[in-house]
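Residue numbers (full-length UniProt numbering), protein chains in the order written: chain A, 1 to 163; chain B, 1 to 163; chain C, 1 to 163; chain D, 1 to 163; chain E, 1 to 163; chain F, 1 to 163; chain G, 1 to 163; chain H, 1 to 163.
To be clear, the hints were calculated from the coordinates, so they are not data collected in a lab.
Watch out, some of these pointers could steer you wrong.
As the list claims (entries may be wrong) - The calculated DSSO-like cross-link candidates involving lysine-lysine, where the alpha carbons are at most 27 Å apart (straight line), are:
| no. | chain 1 | residue 1 | chain 2 | residue 2 |
| --- | --- | --- | --- | --- |
| 1 | E | Lys-143 | A | Lys-158 |
| 2 | G | Lys-13 | E | Lys-158 |
| 3 | C | Lys-13 | G | Lys-149 |
| 4 | A | Lys-149 | A | Lys-137 |
| 5 | B | Lys-13 | D | Lys-147 |
| 6 | C | Lys-13 | G | Lys-147 |
Protein chains: 8
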Amino acid sequence: MVGIIMGSLSDRKVMQQAADALSELGIAYEMEIVSAHRTPERMLAYASNARSRGLKVIIAGAGGAAHLPGMVASLTSLPVIGVPVLSSNSIDGWDSVLSILQMPSGVPVATVALDGARNAGILAAQIIGATDSEVGKRLDLFKESLKEKVAAMNDELKNQLAN
Amino acid sequence: MVGIIMGSLSDRKVMQQAADALSELGIAYEMEIVSAHRTPERMLAYASNARSRGLKVIIAGAGGAAHLPGMVASLTSLPVIGVPVLSSNSIDGWDSVLSILQMPSGVPVATVALDGARNAGILAAQIIGATDSEVGKRLDLFKESLKEKVAAMNDELKNQLAN
Amino acid sequence: MVGIIMGSLSDRKVMQQAADALSELGIAYEMEIVSAHRTPERMLAYASNARSRGLKVIIAGAGGAAHLPGMVASLTSLPVIGVPVLSSNSIDGWDSVLSILQMPSGVPVATVALDGARNAGILAAQIIGATDSEVGKRLDLFKESLKEKVAAMNDELKNQLAN
Amino acid sequence: MVGIIMGSLSDRKVMQQAADALSELGIAYEMEIVSAHRTPERMLAYASNARSRGLKVIIAGAGGAAHLPGMVASLTSLPVIGVPVLSSNSIDGWDSVLSILQMPSGVPVATVALDGARNAGILAAQIIGATDSEVGKRLDLFKESLKEKVAAMNDELKNQLAN
Amino acid sequence: MVGIIMGSLSDRKVMQQAADALSELGIAYEMEIVSAHRTPERMLAYASNARSRGLKVIIAGAGGAAHLPGMVASLTSLPVIGVPVLSSNSIDGWDSVLSILQMPSGVPVATVALDGARNAGILAAQIIGATDSEVGKRLDLFKESLKEKVAAMNDELKNQLAN
Amino acid sequence: MVGIIMGSLSDRKVMQQAADALSELGIAYEMEIVSAHRTPERMLAYASNARSRGLKVIIAGAGGAAHLPGMVASLTSLPVIGVPVLSSNSIDGWDSVLSILQMPSGVPVATVALDGARNAGILAAQIIGATDSEVGKRLDLFKESLKEKVAAMNDELKNQLAN
Amino acid sequence: MVGIIMGSLSDRKVMQQAADALSELGIAYEMEIVSAHRTPERMLAYASNARSRGLKVIIAGAGGAAHLPGMVASLTSLPVIGVPVLSSNSIDGWDSVLSILQMPSGVPVATVALDGARNAGILAAQIIGATDSEVGKRLDLFKESLKEKVAAMNDELKNQLAN
Amino acid sequence: MVGIIMGSLSDRKVMQQAADALSELGIAYEMEIVSAHRTPERMLAYASNARSRGLKVIIAGAGGAAHLPGMVASLTSLPVIGVPVLSSNSIDGWDSVLSILQMPSGVPVATVALDGARNAGILAAQIIGATDSEVGKRLDLFKESLKEKVAAMNDELKNQLAN
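Generate the whole structure from the sequences, applying the supplied hints.
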């Protein structure tokens, strides 16, 4: 089970892509609104109980001064994946990227690209697939599907060039 | 009483300047190591009890993905001043500046310049001096002393130019 | 009484959010157009008389090479909150952020996020609430309302996921 | 077993910190020089065989136009952790950070802070500890040790302030 | 023959400008979808065989963590021109610019401006024209045509000012 | 007469280069410490009286949130040249560059390069030389001297290559 | 007479604002398309003859790798004002700002804000007004008009607040 | 024959690496001081005559507002390689990178990494080797030597780990 959390319902549009990737790869997930700045005690409870509740990975998305991923990582020894979300008054995304990525020694956050929630879902599957060979096989099939999509695009390009 | 907190003893060199400014202006302070990422429960306790313990302002310094000022601000309704500290593997200070400054709506942090701990101390005094006329007078005298320093530098420049 | 100033009527759309936050928290305010670059003498008069006129905090918003907050801070010992406004030919907001934040030693400006006028209003209330317990209580209630909004969003998310 | 790779022996000073963290946490590792740009075929072989050779996680460090982590991630379905290394002619580290972090959809890299190799080692242990409860316990102990270090620093600060 | 490659059909809108410039200058080209991250083996084959297949120059366009130009350059001794493409979740183009430009010593990529595919086509022609005097003459004529366009714009400006 | 002003004696090392350039070109100057933030009234007096005192150009150097050039420009209709000075806690000079360059419509500052005080002196001479043909001739001679220095460097290079 | 030049007719929308400011202040101007990169010989002729043709100031606008202002400054001893224009594939304007501002010692360009052509026109008038008292008076009146506009905006704000 | 030019003798330390790479690859070169800003007419003559003098490629290095590569490219139809040099008052190299890279449509510059003169030399050889099979072979051997260096580093690492 993967936990997907975000600070506001407005982040769902981006974060749903993590859920969709997990669904495609057959991994269960839950989704919650947990705000570092507006519900700090709730965040503490969520992160502290995550391992005992059976979560394997937590995906946390946040924008601006994005403290949710790092704070959750400070409260659990599970791997935490951080998704920098481009918020409305962001300075081009630099704020969320840097406040998730530049964690101090001792408390890592596995950071993905700006608005890269789909990759967060795939990475969570890869973490589970590191020891679960069934998930590993699904990921290898997924990699094959990427190649097929490129081959299909190349065929389409050849068609366009021929006409 | 002003609370000065920082995540590591290595931040003290910068943060002591806040304490020194408060001393010069006759404001009492306390100083503690409180780490958002390594002692999150201790941070929660410190911030939650700050008002009832009689603190008026909290000054929090942090570097890199600097979550301490914003997290403390989420846990108290006292004014929180954030000092972005240039840490050793910082990306030119942008990480600490942006992760302190760009707080979401509802949870402000009064941010000062990179390594601007002295100004944090002065700002804390100004906050107290907004309603304490005695402190206000000291701040007006302090402003006068700034003018005198410039006048003295100008005299020194004139001396240098004359020779 | 909190003074809200800005350099141009075009900044009002952003700066009104400071006024609205103060209204919600029951703090009186005034609002004026004061331009550092077009009416420097008027700015000098406004800032110099602010304390004697009974203001407790000044909120100043400006864009581009944003000098209004820092110049006002040089002319009064009241706490000054600076709001970097994203102006039309701004370089992504960096100009207003840096020219407000990076004040020299001796003259602090309490800087909030880009276009963060609502937080400037809340911060002004926190400054007053540092010594005014009635305002402090309102701020604690306001913090509770933030939690309730997150809880409501979480309920809405659960509804969406269930359907 | 965790694989630690880097493009040049000059990266070892930084990357050894990943190895040291793994050692402290009782996780086996191997270390190799594999260059995306100078030995692309060797990189292809290393990444393609990683899962069948029994690796669970790959940590890849690189500087400048840092392609090693992303290219390895394109060649294996194991989780890949990328460490942006500050190289000698880097533009302040932005090049390595962005060329590791901003991976396209489908091929995630778990990115850590600039020169954050120690956190890469801890993250690799967390990935293994997501399903290995013995490693999970060691990580919980490690988290306790972080708190103790902060407590010791606070005692030292109190000593310094008392004298 | 110039090879034009890109990671996705969505890059064609930009990359077609390279093809158009080559057409105008009478240079043959081919166009393929080759993805560093989704079809790494195909990329290896394409780049390794480029010289023996008779290509003289390769133009590679990519966005985000743009590894295609650099990886192709690691696999062939032909000159490789890199076009940073502004992708949808790019951080203002900095990611693609830096991950193409900042190649390590030994493996150059001739980088052009963000979305500068037309210039990539002209540069490819200049590379061929360095030793092919016929192409050199066409390029000199092309330079003359640029002057004529400026003269025509100046006439138009004079017309506008006169009316 | 050109006025050279700066906020602190510590800026003199950079700003003296403006004075030296003016001396070489036979233009009289004066030099003063005038601080926008510490002596705002003195700045107002200096700038307001500049034209009537016979100054033709003002060169103002400042670092960090550099308000001196823009504020002086708001108080006089003389041309004002701004020199961004790299101060000790500057964020790589971006703060002083942007807070001098990005002036709002109506109040220009002629900005030169970071620490470019020598160019500020030359530009002041060019402004005077726009209408003073004697100064114009000296500037043309100065341009010739630049060519001679390049020719001498080229001779030195040829010597080095021959040995 | 002020010369206004730009590299392309597409820059006219921005650069016309310089012409309009000069018209308002009663200063004659001419406008030409001169491209550093497409008509280098024409640029050389224009700049070399500028002083003898009676120009007092040159305003040059350019975008991207903006070489026109600096190259013109290398070819004349007249003051040259550079206007960084935000071009279509610019990286947020940084390219034009830096390639105009950061001129080497000996060859200054008076740089104004991004798209700040109106300020370029005002600065050109200030340069002429440094020695022409009639123009100086017009500039002082212009400064008064700025104050009146702020007063009018303040009245409008008071009206809005009263209703 | 490859032409290597730079604006100042102080750039030679960096630019010599281009010459050394060409020497290693058996390509003749010449080296000259040519300054865009101090000797514009000399630059015009050098670039205009380059093709007729038998040059195949020009490598131009420059720092700050680096106009030399782009201006040379405007004056010749030969391929021009630009080397951004980190100059003493550079803003972290961004100025030279952007003013070389972001050339307008019609006039490409093949840009290499900051201070990447060695890669400029290799790229010049690759351009010649695109049609000269003898040089192509030398470049393939050079690529092999890169692999051998990595293998040697890996052996050294294994030695270090074993001891």
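Consistency of the hints with the structure:
| no. | hint | in the structure |
| --- | --- | --- |
| 1 | E:Lys-143 - A:Lys-158 | violated, 32 Å |
| 2 | G:Lys-13 - E:Lys-158 | holds, 15 Å |
| 3 | C:Lys-13 - G:Lys-149 | holds, 19 Å |
| 4 | A:Lys-149 - A:Lys-137 | holds, 19 Å |
| 5 | B:Lys-13 - D:Lys-147 | holds, 22 Å |
| 6 | C:Lys-13 - G:Lys-147 | holds, 22 Å |
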